[in-house]
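Visitor: Sequence:
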Amino acid sequence: MSITKYKRDNQLVFRMGFTIFLLASLFIGFLSFLFAMGFSPVFILIIAIFMAGFQYFFSDKMVLKTTGAKIVTANQEPKIHKLIDDLCNTSGLPKPKHIAIMDTHVPNAFATGRNPKNAVIAVTKGLLNRLNQKELEAVLAHELSHVKNRDIMVLTWASIIVIMAGYLMQMLFWMSLFGGFGGGNRDRNGGGQAMVIMMAIWIGTIIVYFIAQMLIMTLSRYREFAADRGAAMITGNPMDLASALKKIEEEVSNTPEKQVRNVEHASAFFIIPAIKSNFVASLMSSHPSTEKRIQKLKDMKKIYSSQGYTKFNIDISKK
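Residue numbers -5 to 313, in my numbering, belong to the letters of the sequence shown in order.
Hints were generated in silico from the structure; no laboratory data involved.
Don't take every hint at face value.
With beta-carbon atoms standing in for the labels, derived distance ranges [what the hints assert, rightly or not]:
#1 K73 <-> I201: 20 to 26 angstroms
#2 F44 <-> V190: 29 to 35 angstroms
#3 Q70 <-> Q164: 40 to 46 angstroms
#4 G32 <-> K240: 51 to 57 angstroms
#5 I41 <-> Q127: 42 to 48 angstroms
#6 S170 <-> P72: 55 to 61 angstroms
#7 D80 <-> I43: 37 to 43 angstroms
#8 Q164 <-> S247: 32 to 38 angstroms
#9 N248 <-> K76: 28 to 34 angstroms
#10 V190 <-> V36: 20 to 26 angstroms
Distance condition first, Cα-Cα at most 20 angstroms in a straight line; then the derived DMTMM-like pairs of lysine to aspartate or glutamate [unchecked claim]:
#11 K286 <-> E245
#12 K290 <-> E244
#13 K286 <-> E244
#14 K91 <-> E71
#15 K91 <-> D80
#16 K295 <-> E285
#17 K73 <-> D145
#18 K111 <-> D97
#19 K59 <-> E245
#20 K111 <-> D145
#21 K241 <-> E285
#22 K59 <-> D97
#23 K296 <-> E285
#24 K128 <-> D79
#25 K290 <-> E243
#26 K91 <-> D145
#27 K55 <-> D97
#28 K128 <-> E245
#29 K111 <-> D79
#30 K119 <-> E285
#31 K241 <-> D97
#32 K111 <-> D80
#33 K292 <-> E243
#34 K286 <-> E243
#35 K119 <-> D293
#36 K128 <-> E243
#37 K295 <-> E245
#38 K240 <-> E285
Note that beta-carbon positions come from the ideal geometry of N, C-alpha and C, so glycine has one too.
Work the whole structure out from these sequences, hints included.
Guide: The structure is reproduced here in structure tokens:
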């Protein structure tokens, strides 16, 4: 028996919504703080929007160039194209604009692009060689879910506050080096007051930067859970993805550090990060731990198996 209606994870939806609310509140608070300090952030905000917009519209080209992934046609790689065609037909989603392959033995995959019509899904040669067909389908379904959920768009525009704070931090740093914190020929009282204000802005900006970065990484981790859920909905079996995640993490862990270092720059895009982190670093990680992801998938399987369902395929294109 198959499921035709798949309930939303309301707790996950609430967490994502609440994180976005916190980011929006932090953004408004940051702008208010700058205005209160007598510092107009309009120019920096314009720069941040421009930089985010550039990243949004050219993310696919930038990531392909950065990772060295090569676009492949259906004639060059018929297997991967056929799998994605079948998954798109099952889910009711449009096929990504490009399919690409990275020439590395480290097994992984990523999706990028501002919307489904301009999306790119890339896999490594290591992934194609180490996963069976069901596991490969599950990984591709996960990446299709990222595209469907427009995660690149959400995370790019959510990052405006980080871009803005980072740019302001750099600007204040260079101003401090060249006497912009109250030096020069100004009188002692005026110069001292200006220095206090600029130091307050600098410290406040640093605090906002790190809080915003943590919130965005939290949002990213929630969206990984959502993509895992979407993959289970498309393939009909959450354990296929669980098996794939376990294999990929084991392979990444056993891969020589030199090879892993070659793809660390693309770690945030991958289904499993290439960078190995400790507990503190995990707080700033773009992905939840593999153990938590697998447990979530097991819970999904357990819930629906207890209700007599053996498979759940649905059209997620309208969800």
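Visitor: Indicate, hint by hint, whether the structure satisfies it.
Guide: Consistency of the hints with the structure:
1. K73 and I201 have their C-beta atoms about 50 angstroms apart, which leaves the hinted 20 to 26 angstroms range violated.
2. In this structure the hint that F44 and V190 lie 29 to 35 angstroms apart at CB holds, the actual value being about 31 angstroms.
3. The hint said 40 to 46 angstroms for the Cβ distance between Q70 and Q164, and at roughly 43 angstroms that hint holds.
4. In this structure the supplied range 51 to 57 angstroms holds for G32 paired with K240, their Cβ-Cβ distance being about 55 angstroms.
5. Distance hint check for I41 and Q127: the Cβ-Cβ separation is about 47 angstroms, which falls inside the suggested range of 42 to 48 angstroms.
6. Judged by the Cβ atoms, the range 55 to 61 angstroms given for S170 and P72 holds: they are separated by roughly 58 angstroms.
7. Taking the beta carbon of each, D80 and I43 are about 39 angstroms apart, inside 37 to 43 angstroms as hinted.
8. Between Q164 and S247 the C-beta distance comes to about 36 angstroms, which sits within the given range of 32 to 38 angstroms.
9. With their beta carbons about 30 angstroms apart, N248 and K76 fall inside the hinted range of 28 to 34 angstroms.
10. Our hint of 20 to 26 angstroms for V190 and V36 holds, since their Cβ atoms are close to 23 angstroms apart.
11. Pair hint K286 plus E245 holds up; C-alpha atoms about 18 angstroms apart against a cutoff of 20 angstroms.
12. Of the pairs offered as hints, the one joining K290 and E244 holds, with about 19 angstroms between alpha carbons and a cut-off of 20 angstroms not exceeded.
13. The straight-line distance between the Cα atoms of K286 and E244 is roughly 15 angstroms, inside the 20 angstroms bound, and the hint therefore holds.
14. Only pairs whose Cα atoms come within 20 angstroms are accepted, and K91 paired with E71 is accepted, the gap being roughly 15 angstroms.
15. Taking the CA atoms of K91 and D80, the gap is near 15 angstroms; set against the 20 angstroms cutoff, the hint holds.
16. Of the supplied pair hints, the one linking K295 and E285 holds, its CA atoms being roughly 15 angstroms apart against a limit of 20 angstroms.
17. For the suggested pair K73 and D145, the alpha carbons sit about 26 angstroms apart, so the restraint of at most 20 angstroms is broken.
18. Proposed proximity of K111 and D97 is contradicted: the alpha carbons are some 25 angstroms apart, above 20 angstroms.
19. Between K59 and E245 the CA atoms are separated by roughly 25 angstroms; this puts the pair beyond 20 angstroms, and the hint is violated.
20. For the given pair, K111 sits about 14 angstroms from D145 by alpha-carbon distance, which is consistent with the 20 angstroms threshold.
21. Taking the CA atoms of K241 and E285, the gap is about 12 angstroms. The hint holds against a cut of 20 angstroms.
22. A hinted pair counts as satisfied when its Cα atoms are at most 20 angstroms apart, and K59 with D97 qualifies at roughly 13 angstroms.
23. A distance of roughly 16 angstroms separates the Cα atoms of K296 and E285; the hinted pair therefore holds under the 20 angstroms criterion.
24. Distance hint between K128 and D79 is fulfilled; the C-alpha atoms sit about 15 angstroms from each other, no more than 20 angstroms.
25. At roughly 16 angstroms between alpha-carbon atoms, K290 and E243 fall within 20 angstroms of each other, so this suggested pair holds.
26. Proximity of K91 to D145 is assessed by CA-CA distance (about 16 angstroms); at most 20 angstroms being required, the pair is judged to hold.
27. The suggested pairing of K55 with D97 holds, with an alpha-carbon distance near 17 angstroms, which does not exceed 20 angstroms.
28. At most 20 angstroms may separate the alpha-carbon atoms for a hinted pair to count; K128 and E245 meet this at roughly 18 angstroms.
29. For a cut-off of 20 angstroms, the pair hint linking K111 to D79 stands: about 14 angstroms separates their Cα positions.
30. At most 20 angstroms may separate the alpha-carbon atoms for a hinted pair to count; K119 and E285 exceed this at roughly 25 angstroms.
31. Between K241 and D97 the alpha-carbon distance is near 19 angstroms, which keeps this suggested pair within the 20 angstroms criterion.
32. Of the pairs offered as hints, the one joining K111 and D80 holds, with about 17 angstroms between alpha carbons and a cut-off of 20 angstroms not exceeded.
33. The straight-line distance between the Cα atoms of K292 and E243 is roughly 17 angstroms, inside the 20 angstroms bound, and the hint therefore holds.
34. The hinted pair formed by K286 and E243 meets the criterion: a straight-line CA distance of about 13 angstroms does not exceed 20 angstroms.
35. Proximity of K119 to D293 is assessed by CA-CA distance (about 31 angstroms); at most 20 angstroms being required, the pair is judged violated.
36. Between the alpha carbons of K128 and E243 the distance comes to roughly 17 angstroms, so the proposed pair stays at or under 20 angstroms and holds.
37. A threshold of 20 angstroms between alpha carbons decides the hint, and for K295 with E245 the separation of about 25 angstroms lies outside it, so the pair is violated.
38. Among the hinted pairs, K240 with E285 is consistent with the structure: their alpha-carbon atoms are about 8 angstroms apart, no more than 20 angstroms.
Hints 1, 17, 18, 19, 30, 35, 37 from the earlier list are contradicted by this structure; the remaining hints agree with it.
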